[in-house]
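Chemist: Use the sequences and the hints to build the structure in full.
Protein chains: 4
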Amino acid sequence: MIVVMKSDSTRGDIDRILERLTRVNLSGHLSQGVERTVIGVVGETQLHPELRNELELMAGVEDVVSISKPYKLASREFQPADTVIEVGNVKIGGGDLVVMAGPCAVESERQVIETARAVKAAGATVLRGGAFKPRSSPYTFRGMGEEGLKILAKARAETGMPIITEVLSPQDVELVARYADILQLGARNMQNYILLDEVGKTRMPVMLKRGLSATIQEWLLSAEYILAQGNRQVMLCERGIRTFETYTRNTMDVSAIPSAHRLSHLPVIADPSHGTGKWYLVPPLALASVAAGADGLMVEVHPSPDQAVSDGAQSLTFENFSKMMVQVKLIHNLFRSDTVAAT
Amino acid sequence: MIVVMKSDSTRGDIDRILERLTRVNLSGHLSQGVERTVIGVVGETQLHPELRNELELMAGVEDVVSISKPYKLASREFQPADTVIEVGNVKIGGGDLVVMAGPCAVESERQVIETARAVKAAGATVLRGGAFKPRSSPYTFRGMGEEGLKILAKARAETGMPIITEVLSPQDVELVARYADILQLGARNMQNYILLDEVGKTRMPVMLKRGLSATIQEWLLSAEYILAQGNRQVMLCERGIRTFETYTRNTMDVSAIPSAHRLSHLPVIADPSHGTGKWYLVPPLALASVAAGADGLMVEVHPSPDQAVSDGAQSLTFENFSKMMVQVKLIHNLFRSDTVAAT
Amino acid sequence: MIVVMKSDSTRGDIDRILERLTRVNLSGHLSQGVERTVIGVVGETQLHPELRNELELMAGVEDVVSISKPYKLASREFQPADTVIEVGNVKIGGGDLVVMAGPCAVESERQVIETARAVKAAGATVLRGGAFKPRSSPYTFRGMGEEGLKILAKARAETGMPIITEVLSPQDVELVARYADILQLGARNMQNYILLDEVGKTRMPVMLKRGLSATIQEWLLSAEYILAQGNRQVMLCERGIRTFETYTRNTMDVSAIPSAHRLSHLPVIADPSHGTGKWYLVPPLALASVAAGADGLMVEVHPSPDQAVSDGAQSLTFENFSKMMVQVKLIHNLFRSDTVAAT
Amino acid sequence: MIVVMKSDSTRGDIDRILERLTRVNLSGHLSQGVERTVIGVVGETQLHPELRNELELMAGVEDVVSISKPYKLASREFQPADTVIEVGNVKIGGGDLVVMAGPCAVESERQVIETARAVKAAGATVLRGGAFKPRSSPYTFRGMGEEGLKILAKARAETGMPIITEVLSPQDVELVARYADILQLGARNMQNYILLDEVGKTRMPVMLKRGLSATIQEWLLSAEYILAQGNRQVMLCERGIRTFETYTRNTMDVSAIPSAHRLSHLPVIADPSHGTGKWYLVPPLALASVAAGADGLMVEVHPSPDQAVSDGAQSLTFENFSKMMVQVKLIHNLFRSDTVAAT
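Residue numbers (my numbering), protein chains in the order written: chain A, 31 to 373; chain B, 31 to 373; chain C, 31 to 373; chain D, 31 to 373.
Keep in mind that the hints are not guaranteed to be accurate.
[Stated by the list, open to error] Here are a few chain B residues that sit away from chain D, every Cβ distance over 12 Å (derived from the structure):
(1) Asn119
(2) Lys121
(3) Glu144
(4) Ala151
(5) Glu188
(6) Val203
(7) Thr232
(8) Asp336
(9) Gln337
(10) Leu364
[What the hints assert, rightly or not] Computed cross-link-like contacts, EDC-like style, restricted to lysine to aspartate or glutamate with a CA-CA straight-line distance of at most 20 Å:
(11) Lys99/A / Asp93/C
(12) Lys99/B / Glu92/D
(13) Lys102/D / Asp93/B
(14) Lys99/A / Glu65/C
(15) Lys102/B / Asp93/D
Hint data in this document are derived by calculation from the structure and do not stem from the laboratory. The structure displayed is predicted, hence computed values, not measured ones. All residues carry an ideal CB built from backbone N, CA and C; glycine is no exception.
Modeler: Shown next, in the form of structure tokens:
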């Protein structure tokens with residue numbers, strides 16, 4: 031932490047700051063510039079998260095600048111090697127490419143099983159499907175609940191694919207954990223800290239979607255919540271951020287993939303379905319994400335997108351999904367041995 | 031709802047759409063333009079929330095445009111008269127100005143009671159204070175919990191001021207409701223639908239903060255969740271949105287105040303503390319909000335902001351709060367009889 | 031400037047940085063923390079704008095943090111007293127309130143003179159009107175050019191009001207300066223540096239609108255361009271920034287008014303017409319801006335907004351403008367002696 | 031265009047609108063819904079760009095919705111086949127991949143020629159370099175001007191590579207056009223309409239960068255300005271947009287590449303250097319852009335990035351550029367015959 035003094039600060043102002051630092055076993059190194067004095071704070075500032083605020087309000091202080099990252103367990107410095115999460119036979123992170131595909135919402139046993147078979151045939155290795163759906167209007171279908179989870183479990187039994195499904199509420203963590211292989215935390219819940227705590231207490235793989243307006247740093251801080259509870263099986267998911275552009279549903283931040291890889295050891299999945307909101311943009315953004323180093327894709331696939339009860343506009347047909355998978359594999363194979371991501 | 035056909039759509043495409051509408055008891059009126067055909071959908075489209083999606087994917091369709099608002103109970107059309115919420119002697123909405131003030135977080139009995147007395151003396155009528163705090167880092171103080179609620183209740187007993195405090199989780203609604211007079215839903219929980227449902231089931235006044243990247247329409251849709259459960263005592267709170275600007279913590283969207291008033295009958299409170307993140311911007315933005323027609327203010331006040339465990343940088347001292355209140359009352363009195371808000 | 035070293039940086043890395051600083055007559059003060067070393071750079075770093083970049087790429091460097099503001103002439107530190115610009119009898123800055131009103135685009139002599147008389151009667155003291163219009167589509171009316179300037183000059187002769195009008199291009203500066211009293215630089219040209227240079231070379235008052243996605247710092251840097259050419263008669267204009275919200279045309283950043291006042295001595299005008307894009311939001315945002323300490327308002331007024339060739343949706347009728355002005359004066363008088371803005 | 035009437039509009043309101051439409055040879059088709067009436071406007075509405083505004087303000091009107099695109103010459107509907115621009119032997123658009131590389135700013139003959147040789151050896155086919163630089167601070171190096179253009183011309187003579195360089199001002203178009211093969215319009219000038227007109231009057235290839243906060247539609251409207259002057263050799267360049275994220279300099283909108291391809295026939299170049307602002311993110315985003323269907327890349331390369339006078343932090347060394355080019359070619363070859371972009 032660096033304390034930047036105002037150009038008209040006094041010796042007394044500086045002394046009061048040094049004294050305050052001493053009280054919490056930190057020390058300050060002065061740098062006297064031409065225009066102003068700067069105090070470098072030395073010691074374990076992370077143990078005093080509120081100190082910055084306090085210093086900012088002290089007399090003579092112009093600004094306080096943080097220089098360490100506020101997360102630790104999620105950082106690449108803390109753990110240089112990639113985290114690899116194993117779900118059944120599927121490895122997530124560390125060079126493999128996982129493809130999670132399936133319908134946005136579970137609608138019927140037939141729909142799910144038909145889709146599971148189709149996406150498996152095309153190369154997907156995890157089945158996605160929502161039983162609890164966060165919807166912006168209270169008048170929209172909010173998911174089948176436990177009934178939906180049972181359908182997913184049947185599809186797993188049928189196809190052998192592990193399943194990922196969203197949990198919306200702390201009370202439901204136990205229920206969802208009973209059926210799912212990976213718990214999904216949605217964008218709207220990225221800062222639902224009670225829910226983060228709760229999934230942190232399980233020992234299950236968790237996929238944490240980036241919030242609509244979350245910075246990469248806030249995303250990693252939310253991952254830190256889960257990690258801090260002792261659950262180290264966390265993967266991140268970039269799914270588009272909110273910007274001024276309205277042509278796409280969100281703006282897919284492809285640069286967040288190599289950025290997160292540089293800052294953190296956690297696997298990064300890309301969701302071009304929510305990232306773009308338009309089915310015809312899903313394949314190019316899926317390919318772009320893999321080229322940028324994504325550890326996996328999450329894609330919405332539906333037997334008849336025009337009859338989907340949710341997000342049909344961004345769902346692929348079986349045929350389009352299969353075509354896309356051919357290209358996805360080509361790109362991934364290209365860089366299998368060689369790493370594309372920034373390191 | 032309007033279905034815009036592509037310039038090369040066929041008569042068959044149009045017939046299939048008309049037929050689909052008929053199946054759900056809607057009808058379509060054709061407008062044949064020079065370049066393209068447009069179909070106006072007639073009937074209660076709100077009952078078919080998924081139809082838009084379905085139509086968008088049908089052959090020959092270029093675009094589908096919604097023309098009705100997706101919320102109903104929250105709309106000014108549904109209820110032309112302002113909602114007025116009574117909390118003890120305090121009226122919120124309908125021309126009065128409520129000022130909710132107090133510390134960001136409850137830290138001690140002394141801090142809360144001292145602050146309560148000071149803000150009451152300056153003209154505040156509701157006491158705010160957080161017992162459950164949403165914090166971006168897991169390593170930061172997360173509030174005193176029920177202990178904090180008890181302190182707030184003591185301050186109420188002492189001063190007679192009703193209290194507003196945040197509830198973070200569906201499980202805590204009952205607990206918080208036992209102590210609070212107004213339940214606060216924070217920005218990060220604006221789309222925590224399970225929590226919205228839960229506070230909707232109570233019959234207590236609720237203040238719903240706008241999400242960091244929520245449009246005014248999404249904010250009203252979240253209010254609709256609470257209203258749809260039968261709880262009509264909902265007030266909105268503008269607290270700044272996330273933009274590219276970094277000088278302020280958030281960008282306070284003052285125009286959201288008259289906009290929400292035009293679209294909805296619900297009272298609108300302004301929170302310039304979170305809206306700006308800097309104590310010296312709180313008074314000008316408080317005055318601006320009142321001038322723009324806000325029904326109330328929520329302001330962070332602390333006996334010694336430089337020792338606050340949370341958000342000290344945006345907290346006012348007792349003295350600054352008192353000075354600000356003088357000006358706030360002057361502006362509010364100016365327009366008491368006369369309405370400034372857009373109508 | 032602060033150079034933050036990586037936790038694994040070597041003594042050699044540090045020495046190379048110190049040596050580099052010495053070469054340009056700067057020096058470095060070391061602060062050895064528990065985890066990392068920080069180097070405070072001492073000396074006139076503003077004279078070496080590219081140094082930061084260079085340091086960032088040197089071995090062992092984690093980050094380089096700037097601590098001085100990149101603008102000087104525009105800063106409150108450089109000139110503590112408010113800049114006051116005199117245009118005829120009108121004073122801009124320093125406590126007075128200037129109201130600039132008139133049509134978006136000059137359409138005819140009758141339209142302009144009629145409007146000039148009406149806004150003058152209601153209390154406006156500067157006449158606005160566009161002769162050169164920046165339009166997003168090449169197929170839209172782009173202004174009457176010099177003919178329009180002549181009409182504005184006639185309106186000035188008729189009413190005695192000084193005129194403000196936009197200049198779009200370096201070549202037109204001389205022409206527009208021949209007719210105008212204040213040169214307006216539009217939001218889209220805030221970073222048209224050739225144009226900034228050119229108006230900087232005149233000795234005329236200039237109003238610099240904030241760019242759609244410009245930070246306050248970039249806005250002040252653009253003002254610095256004009257000031258650096260020797261033209262000290264610069265006023266700023268907040269006119270809304272681009273965000274994700276679509277209900278309003280832009281999001282009016284009311285907090286930019288007191289923020290710019292704190293950082294700079296230049297007067298700040300508010301433009302609620304472009305700031306909101308909806309006529310019914312103009313009065314509440316005008317009042318809000320004055321309450322937040324704006325030195326003036328710029329408002330679009332048209333005899334028949336529904337027949338305006340440009341921006342009719344955000345233009346006030348004469349009647350609505352007059353009503354608004356009554357309230358604007360009330361608020362301004364309230365704080366005449368007493369300053370509301372953050373100081 | 032669709033006129034949505036308020037639920038309480040009268041027959042008189044509707045008649046006045048129909049009458050107004052008739053006056054400009056348009057007609058209106060009524061759709062009488064349960065709650066409201068909707069009027070579909072039939073005829074060539076593009077010829078009446080101001081009509082929308084007028085209608086919005088008429089009595090009884092709730093909203094007016096545009097349904098045609100505001101640009102024509104730039105649209106895929108107007109010209110279904112890809113535009114291919116030939117610059118010497120280089121083809122831009124239509125399946126080939128052009129790589130434009132070189133220093134941000136021209137600093138010396140040696141720097142430019144050395145870089146030109148290196149990037150040519152690695153596979154670049156166009157040389158970039160700035161002689162006129164737009165800089166946010168007036169105190170920074172603003173380019174070598176004509177001297178810089180001469181150096182670029184020498185590098186072309188030496189290597190045979192065509193050159194692309196930025197033009198900042200209408201007065202400089204003739205000068206820059208004398209030396210350059212492709213004129214570059216920067217992000218800050220995307221809505222400098224006078225400059226767009228001026229480059230439109232030349233018959234030279236133009237690369238139009240997307241503005242920091244420009245929607246895809248506004249970008250295409252700016253291209254329309256150039257096309258409307260008769261210059262059909264326009265290519266687009268995605269270079270990142272401004273969002274709330276601060277880790278990257280801009281947020282590269284990779285989805286804009288396939289989106290622009292769907293909406294328009296113009297070639298789309300990607301600039302990951304400005305798009306990310308960090309050299310280590312350039313390769314993954316370059317690969318992502320090619321995978322998403324970009325027709326080319328523009329990349330900053332410098333012999334010693336740590337000594338660059340501009341944008342060193344985002345410049346690649348020769349070695350990193352060469353490594354990246356190997357991968358870029360692999361991905362491009364993968365999809366040469368087969369098109370990845372959404373169609």
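Chemist: With reference to the structure, classify each hint as holding or not holding.
Modeler: These are the hints, each one checked on the structure:
1. Asn119: Non-interface label stands for asparagine 119/B: nearest chain D Cβ at 37 Å, farther than 12 Å.
2. Lys121: For lysine 121/B, whose nearest Cβ neighbour in chain D is about 29 Å away, the distance exceeds 12 Å, so it holds.
3. Glu144: The claim holds: glutamate 144/B sits with its nearest Cβ about 37 Å from chain D, beyond 12 Å.
4. Ala151: holds (39 Å)
5. Glu188: The claim stands: glutamate 188/B keeps its Cβ more than 12 Å from every Cβ of chain D (closest is about 42 Å).
6. Val203: Given that every Cβ of chain D is farther than 12 Å from that of valine 203/B, nearest at about 31 Å, it holds.
7. Thr232: holds (32 Å)
8. Asp336: The claim holds: aspartate 336/B sits with its nearest Cβ about 27 Å from chain D, beyond 12 Å.
9. Gln337: Its Cβ never comes within 12 Å of chain D, the nearest being 29 Å, so this holds.
10. Leu364: holds (29 Å)
11. Lys99/A / Asp93/C: Satisfied, since the Cα-Cα distance of roughly 12 Å is no more than 20 Å.
12. Lys99/B / Glu92/D: Cα-Cα ~11 Å, so holds.
13. Lys102/D / Asp93/B: With a Cα-Cα distance of about 18 Å, the restraint between lysine 102/D and aspartate 93/B holds, given a limit of 20 Å.
14. Lys99/A / Glu65/C: With Cα atoms ~12 Å apart, lysine 99/A and glutamate 65/C stay inside 20 Å; holds.
15. Lys102/B / Asp93/D: With Cα atoms ~18 Å apart, lysine 102/B and aspartate 93/D stay inside 20 Å; holds.
Of the numbered hints given earlier, the model fails none.
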